[in-house]
Every structure is written in structure tokens, then in C-alpha cells.
Amino acid sequence: MIKVDGFVEKGKILGQYINSTVDLFITGISSEERCPKGWQMLKEEDIKIKNKVIFYFKEVIKGFKQEGVENPQEYFDTLFDIGSGDCKLTVSLYDEITGLMELEKYLNESFSELKVKKIVIDFSIMIKPYIFVLLKYLLCERNMEKIYLLYTEPASYHKLKLKKVPKNNNQEDSEYFTKGTVKIGEVPTYSGKRELTKKSALVVLLGFEGERAVQVFNEVSPDLTIPVNGFPAYRPEFKDLSILSNEELLKDSEIMKELTYAPANDPFETKKTLEEIYSKHSDNYNISVSPLGTKPMAIGSCLFALEHSDIRIIYPYPIEYNIKSSKGFGETWNYIVSILR
Amino acid sequence: MNKNQKMDLTNPFASFNASLMNDDEIMKYWVQPQILFERQAIGIDLTGNIPVILMGGRGTGKTTLLKFMSNEVQVKKYLSEHKDGKNFLKNTPYIGVYYRFDGPSLSSFTDRHAEEVVWETLFKHYFEIVIGQKYVTMLLNLKKNKCLNLNSDSEKNIVYKAMMFIDTDYPLKEEMCTLKNFSKILQGMADEIFQFINEAPLQKEPEFRSRPIIPPGKLIFGMAELFIKEIPEFQRKNIVILLDEYENLLLQQQKIVNTLIKHVKQPVTFRIGTRINGFKTYDTLNEGEFLMEDADYRKILFEDILLSHTENYKNLLKEIARKRLESINMFKENDLTDIEEWLGNFDPINEALGVVSGRKVQNHHINEYKNQKHIQEIIKELKKRNISDVEIDKLLPQLTYPKNTLIEMLNLLLLRREYSPKEIINLFNLYIARKKNAPEFKIYKELYEKNKLALLFQLISLYRPKKKIYAGFDVFSMLTSGIIRNFLELCYQCFNIALFYEGEELLKKRRISQKYQTEGAETRSEKFYNVIDIIPKYGNNIKSLVGSLGAVFSTCHMDSRLREPEVTYFCVDKSLLSEDVKKIFNTAIKWSVLQQKKPMKSKSPTEPLLDVYALNHILAPYFCISYRLRGRIPAFSKRDIETLIFGDYDNKRNTIRRLGRWLDFDKKQLTLFDFNGGGKR
Amino acid sequence: MIRDKDTENIIMDYNLYVWENRLSQRNIGAWFNNFKGEVSSADEEQEIALKLLLNFIYYSEKEVKYLCKSAYSMFQKEIIKEFILGGRSIDEAKSLFNEYLKRYKFSCIGRPSESGCFILYYFRQINYLPLSFFLERLDDITENTESLILVDDFLGTGDTAVLFWESPIIQNIIKNSQIKLYYMVLSALEIGLNKVKANTNFKIICPQIFGEEYRVFSNSSFIFPQEEKKESAKKVCEFYGNNLEGGKYALGYKGSEALLGFHHNIPNNTLPVIWSDKKGWFPLFLREKKIYKMGDINE
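Line order of the protein sequences matches chains S, G and W. First residue of the first sequence? That's 839 in our numbering, and the numbers climb one at a time after it. First residue of the second sequence? That's 17 in our numbering, and the numbers climb one at a time after it. First residue of the third sequence? That's 18 in our numbering, and the numbers climb one at a time after it.
Pulled out of the complex, with its shape left as it was, chain S reads as follows:
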């Protein structure tokens, strides 16, 4: 049984907590501008990074090639100063277990004991299932005691599917985060535990793709649904936009009345919100969480699930991710996570 705690810091501050060395830095590649920001910030703080693992997602490479970039691998090699001690894992964005297996191979070869190493993960561009399985592996299988997470906000999203303005018939395809659904499934290793005598509750961390929330709801058909809105949000108006985007789910008064909140950029406060829900309902309900909101909120639900092994994480796996869903970059946040056993 583990207990997870931590705190948030903004900007170039990680150096104060990890002194000057990081044993391992993990991130992935993306065409989003915020992709290298975490890495750059560590460099600016003069933090020495001994080893790097970079997930070279096949779909991102393909995307670059389709846009005429001849050798995208080289581009990222330079961007991340890839050296001989570093590891590039060429894996699919859609197969987090294989990605994890590849990482495990590398870690087994390179580290005898991971528990006390200083590991920093920049998860700004990583998709949620990946983050979940990575953290489960590092914190539970490899018994790490502390981990440092970085997240850079986007400056804006490419033409959010906003309900704020009247629709026109010519909305471009670029206005999506994900397309289609392969399945609504449990994130591997987060199937939770169900007491067969209890009813089911679904906690949905609201995002901007309301139809995905509806899909998850329809698939789970819970007895109780608790929507959690990201608030305070990255921008003040986002709190309303996410509500309106999820109108199809929230129009049922039984769901709307349960609406609660968690800050969009704080996993620990999100965890707190989930803890409150858990303490109120876990006696009578098996609780599933669907992290459709921001990535920091997803991290919060991950940490919560690591502490409560009966929690199930449900995710609508899309057919396609829009690898260009955001532009620019905003603040970088540091999340210092501690594990107590």
C-alpha cells in the first residue's frame, strides 16, 4: 500500500529540489512547440542530465516525413542533444505496453537500482495511457520514492471546438484533439477492483471533447456520475467552455448536480478532490475515473489510483490523435511527487 503526496512549483525551480544532477530524463517527441521546453528549462538551470530516454513515436516521425522533413530523427537528436548514453525508443503512440516494455529493457540494462535515482519526466506531449503505465511501473514495480514531473502548458489550442461562437458549416478538420474511437477500455494495470455488491460510479474529469465523455458514460452506464471541471483553468473562460462542451453529458440534472472542481494545473489538488469523492462514495460504489481533462489532472487521477488500487481508470482510445492540437507554450510546472510505503 502506498501513499502519494507532492507539491507544485512554477517555472525554473526544480534545481532547488534536485540539486544539480538528474539521473534520467524521460520524454517523447512531438511537433508541438512545447515538446522540448522541459529539457531546455533543465539546461537553463544548469542541471546535469546523465541519461535520457526519448520516445520516438512512429506516428510523429511519419507526420514529419509527410510534411517533407527528410530526417526528423536527426532533428530530434539535435534538439535533445542525444548522446551515446541516451536511449531512443521507436514505438507506437498507440501501444503504451510495448513502449513500457522497451523502456523496461533499457532500465534493466542501465540501472541496477532505480529506487533512489532522480528521474524527471516531461509529460507535456505524452498521451495519457503512456503516462499512466509509466508511473505505475516506476512507482509501484520499481518502488521509486520520488519522481519529478514537468509539464508545459500550451499557449493556446488550435481552434478549440468552442461552443462560444455560432457554428459555421465550414469548420476545418484541424479543430480536433482526437478522432474516432477504437474502444472504451481500462488503462492496462488500472483495472481496479470491484466489489460485486456495490453499485458503480463514474468520475469524469471534463475536457473539451464532450462527445468522448458521453461515449464513456454510455459504455459504463454508471449508477452515479460525478463530473469534475478543471477550475481554476489555464484561462478563466475555459471553465465555461468545458462545461458547454460537455453539455450533452451535463444536461441530465442527476449528473449536473454532482458537478465538482479541481484545478486544471494541479495534480495534487485533483487527487484531493478525488479523495473527497472516494471518502463519500467508496462504501457504496465501485469508482471508475475517466481522465478527459488536462494532463495535470490526469496525473492527479493516476496518483490517486496508485494509492487506491480499487480505482479503475477508463479511457476512450481514439483512432487518431491530432499531434498538432496545440500551439506555442506557456508556463512550465514542476510536480514533485513523493511516495511513502
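Check the hints yourself; a few may be wrong.
As the list claims (entries may be wrong) - Computed, partial: chain W to chain G, Cβ under 10 Å:
#1 I28
#2 M29
#3 L33
#4 S41
#5 Q42
Source of the hints: derived by calculation from the structure; they are not laboratory data. Yeah, the Cβ is synthetic: ideal placement off N, Cα and C, and Gly gets one too.
Got chain S sorted already, so can you dock chains G and W onto it with the hints?
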């Protein structure tokens, strides 16, 4: 006007998800669908021995029905009507245990690292545990509510024997033989399965080590038999296992449960709730064996039954709505609980008059309305016949009938169909004079009755931007396509709009205006269309197909000759379609986007029957088409279907034009606006 | 002005899901009709009004309560961070915080019946803080008090906070003790925050900050990004605002140009075309007036 006073009037239809309803709410809002329960005549007994498959789209009422049949709700219902639960078991022929198959969890019973046979065994084991646990919960529920007098000795006896089904090597100590302990044991076994599922993805060769593993049927049938033997109150009762969302099972899992259904043992029987095409297979685990309708199960197709008993269906909707309205004090106190009163019923004749002039024309002065668009069309037709202006002026009063614009439209239609003005006038006069014995009266009457609504659509197309009204209780009933939730959602939308615009004034008016009802219908329709692409795997393809079909049907509604009135369905020989397209169709049916109807004869007796598909009528407002099943497109070819699903913009457009017989129309450029949804405003 | 169905639906959704169903179509219609075309055409003015309507940020009762929680959480983290940087573990830091909390006192900025003090009730409730942590009067501070946290709902120009800092009672506290002074405000305009930072030593805790781009007519306004449209919108709002509330308030108090409101009230920093009810103007969200003395209707 109150400045910023918050409105206290709640939308009575604001909650409509059956899954969110607790037992009290299920009871509160329950309306017995007599047409489903009274099926004994054709061998379908919802509480009898033979397994029954309840098939219907989301929102048809399957979950509500199954939950209603559960022991929890039935006991609550009994207690609400009686002093105590003493005679509950005496008065009930069955005891229901409800279980819903959870899609995400079922799909975890498969992982690349373990062999399929492991997962198959695990699922069988899991299903036994689940139902066993449901049985225990049922007994505890009956005991708690004093419906069952189970003393500790009887309880020990039952639990001891039940444990023997699981583990003959380590029998439970007698003092441990309580239902609660048995429940804990079952839960412990389930926990071991969950642990395996959680750990398997991270292991190279995961192995499920826990023992024992319960053989299939041991608890499901064994415990039920035990109850009958050991509990006198259970004698001659059926134990009905109510399995909901069967479509969530994977293929192999369905085979496992199919096997149990095939070899069902009394007193157990099954009621399976599933979407249409929710059965991935009817095979069992035994080679060559499968479930056969009538022999092994009976089937109820919700939409079909509900739609084929129109009056019963409407009464059912009224009753459901009444309970919702009654739940809000303001509506109840003011006796505003009749949804038919709220929605009214609207006559197409009045709607037509509204399109043309907005009010009834009092006097028959031809000059007064000669400039009206539909009259202009009549004049155009007459001119085509080289009739002089003077002659036209004489003919017009005989061809027009201001009291009923649809009659005028019929006359226009007959002109377009090459009837002579003289013929038309003759038919028309006899009809107006009500010369019922005249054959011409019957001809004209039939033409009018058959084409009334279609003519209204044509009329509206002449008077753009006027829109078709979708309002009235009868119309709403038809828009639902047999899916009760559609009705609740339609009511929700129009009450939403009406409350926003009128507030508490609405209570005085006691009627939601046509305008708000239409807006509500359009909103619901648009939302239904917009979420089609979230259907897993084939959502985008289905949306493409539906968008194209809508455009074709919408176009056909404007056919000047009304070769087929109110086209809302099409035929295709499904056997010619590719596997991919078949899957798309099946998925569309499963999600009630398309609805399959009785097969139709093709033109030639030697050709196979054609499969008939209609768009869910809820889409009618979005595409501005009819909500009835009247007219159809001649059989689509395989190529047509594939183009409508997979084709690029140009090919799709050409196919739509051809299918909609666009070239027969007056010259008009097909715009993207028209192409992407005929009804898009 | 005829609004299309899509826009009407959006307004309806905002009303139902964001504005706590406070408005009806009639209220909204009456508000739009305020814009009669006295500066440009009625249609143009109502287009501007629509823009304002759809960009108005409203905090529901639930959200106000959650902001109270958020603010407290931020405060807690501030303190805990200091302990962690001093070498403590998170758990230790949290325990220390709970100990130190007994030496903190909460109060409101402004007068007891004003909105800042109204918030204090929510703040106490949602954070499960005992009454003993709250001062009835600032004079009740004892020598055991280590920190004083002043709670408020909104910081606009910063004038109130600066004035409060300069007040004799606070100056007395500063002079005669080592008490740390916190200003905890649920939301703030950045321009006001900067003023408070420059003119006081309050440590500021604020979970929701509105940057320059949220001032309706600022250079970086995202509500009116195009210069021409912004100027014409400003003219309209200024004209009506001036008519309604006078020069200082024409575009919100001292030109704050805010466009937000709370369940319990609308700050006067928000454009008065939103909240004023003078001279027959029908408000969208009425601002409840503060009456300082009988016969006085003022800010």
C-alpha cells in the same frame, strides 16, 4: 419583470438516463408496457421459463424493464403496497437477479501475454462468481425485508452446500457458513481475478494460480436448484437472471453465455437485454451447436412492437410523461400533467396556410393571392400547355382553393403529372362537393390523403426560408422511432426552450408553441446527428452514409412529380455488399441510426428479397424530411452504397444527384450547404 | 436585432449551465434593447452587447466556494513550501502547517457587511476552519498571532487594498508586531495586483488572475482584438456607462474595464452596462448597491 430573479421552474424531463435511476426512481417512473407483457399469446412470457432476448436500441426501455424485474425493485414495490414482505414470495412467480455487462471490464479479459484459453476459463469462473454473488445478495435482500424466513440453520445448510459446489476439498466450517461469509469468499475469488488482470500486462507469461476454479453452471444452476430444494418459499418459482448490455461481451464470452442459455436448467431462465445486432454470435462452445429461436429462446424487438401498436405506444408515452410532469409540484398542482395537452396536435392544412399567408384567407379573390409562389407554379404549368393568359385567368379560380393550400398543391401536382386542367377540375369539384359515390371522388381523395404531408414539404420548399414544423404529440411520437428516450429528450428540449423564453408564463399558457417544439425537435435531431461519429470504429463511415442519405431523401421530397412521396427508406441486397460495408450497416443498426424493416420483394420474383433500411426518424428535422415510412428509393446498388460511405466529395455529390433524380428539377446549383445536410438552415 | 438560432441556443446554454439559470429570454431581450442606437446603429450596438454577453465571466455559488477552497490551498502550499525548502518532508511540513495555523487569524478586508466579509463565511465553511481562527475585529489580534490573512472576493484597481494597508489599524499592526500580512483574494485584475505589490507588503494569494487581455478595451484585449471594432465598442460602452454611472465608472471603476461577476454580486469594476439599473436601464446582472448611510447610494 423581475430583475435577475432566478427561475424556480425545473424542466420535468431533465433526467432521463435509466442507469442513473435508483430503485425508488425506477419504481416511481415505471409504466408497464402492456404490449410487451401481454405476449404470452405468441409464447413470449416475460416471467416464464423460456429465455427471452429483449432487443432494442439505446433508450427503448430495456434497462428500465430489466431493473424493474429485479428482486430489489419488486420487493420495494411490494412493500409500498403491502404492510410487510411476508407474502411477497407467495405472490410472485419469479425472482429476478439483475446484472449489467460492463464493456471496459470485459475487454480486459484479453491480453497479448496470456493465452486465449486462460482468459476463457477466467471469464467462465468470473461469471459464476458474479451470479453466485447476485444470488447471495438476493437472499440477503429478501431476508432483510422479511420476505424470507431463513433461520440460521437453514442458512448454514444452504451455504455449506453452496460451498461444496466451489471446493469439495476444503469444506467451510459450519460456524462460518453464513451468507455474509460466503459473499466474502466469492469476493475474495473475484479479487484474485482482478489482481491477475491488473498484473498481466506487466508480466511476460502471466499465470492465474488461484484455485479452485468454478466450473461453468455450477453456481448458476446449482445454487438455484439448491434454493428450490431447501427453501420452501422458492418452490415453483423461476429464478430469472436479467443480463443487460449483452452486446458488450466479446465473441468468445458470448459463446460461453450462449452455452448456458442453450443448456439452461430449471428453475433458472434468462432475460437478455441487448442492442439490435448485439449478438456477435449465436454459437455455443460446442461445435455445430447454436441458439435457435423458438427452441432455445424467444425474441422481443422493442421498436417493432412499440411501433406496430401505435395507440398503445402513444398511451405508454403519455403515461411516462405524466409521471415526469407530476414529479414537479408546480405542474402537479396546476393539473398540467397531460403531455398531449402541452404539445397539442397540429393539422397539416393549418400548417400549409401558415406557410403561405400566416392566416386564413377570408375571401376567394384570385388577384389577392395570384402572386403567391405555389400559384405561380400552377400558372407556369398552364403556360407550358400554351394556354393564354386570358384562359389562365379563367382556369385559376377553378384550380385554386384558398381554404386548403394542400388541395392547391395537389392540383399543381396533377398538372405536373400531365393531367389536363379539365380532368383536374372535374376531380376537384366532385371532391369538394363530396360526391362520395363518384369514382372520381375516391381517386381524388386517395391522392390527397396519400400525398398530403408530401405536398406540405413541397409547399415549404417553395416558400424558403420557411421551415417545416415538427410539433404535436403525434408527430413527436413518430419522431421517436419507437425509442422512448427520444421522446423524453424531445420533451426536454422543447421544455427547455419554452421555459427560457416564457418562464412561469408557460404555466398559464398550458401549451408549448409550435415554434419552440420545432426548435426542440431540431436541436435534438442535430445533436443525434452530431454524435454519430463517436460510434466506435465506424462512426465516421456511418455519419458519411447518413449525411448522404439525408441529402438524397431531402432532395426526393422536392420531386415535382412526387414519384415517391416522403422518401425515408431505401432497399439494398445486403448479400452483395462487402464485409466492411455490412459491418458498417450492422453497427448503424446496433446504434439505431438505421433501422431495419421487413424485407421487401424485388421487382423480379427470381431475385432475392431486398433488405430495407430507414433512417431513424429522429433525424427527420435535421434533414427536413418526413417522419413516416412512406416512400423509398429504388434499390441501391453496391457501388452506390460504397460511394456514399467512402466516396470523395465529387463522386458522392454525383451519386446523390442521381439517386435524388436531381436532373429532373429546375436548374439549380447544388451547393455545399445543400449537400452536407438538406435541412441545414 | 435578430439573432440566429445558433446564437440563441448558445445563450440558452450559457444561462442553463453557467449563469445558474438566472436569466430568461425576456431579461436578455430587455438588456439588448437598452442599446438603442444612440452611438452607432442599434444593430451594431447590439452586436457589441452580444460580444460582451458571451465573454462575461460568471462565478456561480459553487465556483465561488471552490475559489475559497483554492485560495486556502494556495496559502497552505506557500507555508508548506517554506518548510520543505528548509529540509522537511511533505508530511512533516503539513503537520507543521497545522500547528502554525493555530497562530494565524483570518479576517476580511473592508467593512463587515461588504462582499469581502460575506465571502468569509463560505471560506470558513468550505475549509472546515473553526470560528476561533477568525477575528471579529482587527483589534482582537494578540501577541500569539503570527500571521493575519485578509480575505476578499475581488481586487480590481487595488485601491481598497492599498487604502487598507495605509489605514491606522494595519499600520499599527505593522509597527508593533512581526505579524505577516496576507491578502487572500479570490480573483484579481493583474493591474490591481501590481499596484498592491508596489504599494504594500501584503503577501498576495490569488487563484484567479485576469491579465491585461481580459480588460475589455486594453491593447491586448482578446474580446476585441481588432482595433477598429474595439474603438467603436469602447465608444458605445463609454457613452452608456457615462450616462448611467458617471465618468469614474463609465468603463468600470477608474477604467477597470472588467467583465466578470459573482453569484453574490457584480463588482463595480465591471462595465456598468452589465449591472447598472439607473435611468431605466435594464441590467443583465444587477449589482446590489452599498448604502453607507441613509439616503446615500454610492459605490
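Hints versus structure:
With a least beta-carbon distance of about 9 Å to chain G, the hint placing I28 of chain W at the interface is held under the 10 Å criterion. A distance limit of 10 Å between C-beta atoms decides the matter here; for M29 of chain W the minimum to chain G is near 5 Å, and the interface restraint holds. The criterion of a C-beta within 10 Å of any C-beta in chain G is met by L33 of chain W, whose closest approach is roughly 7 Å, and the hint holds. Hint status for S41 of chain W: holds, given a least beta-carbon distance of 5 Å to chain G, under 10 Å.
Checking Q42 of chain W against chain G: minimum C-beta separation of about 4 Å stays under 10 Å; hint holds.
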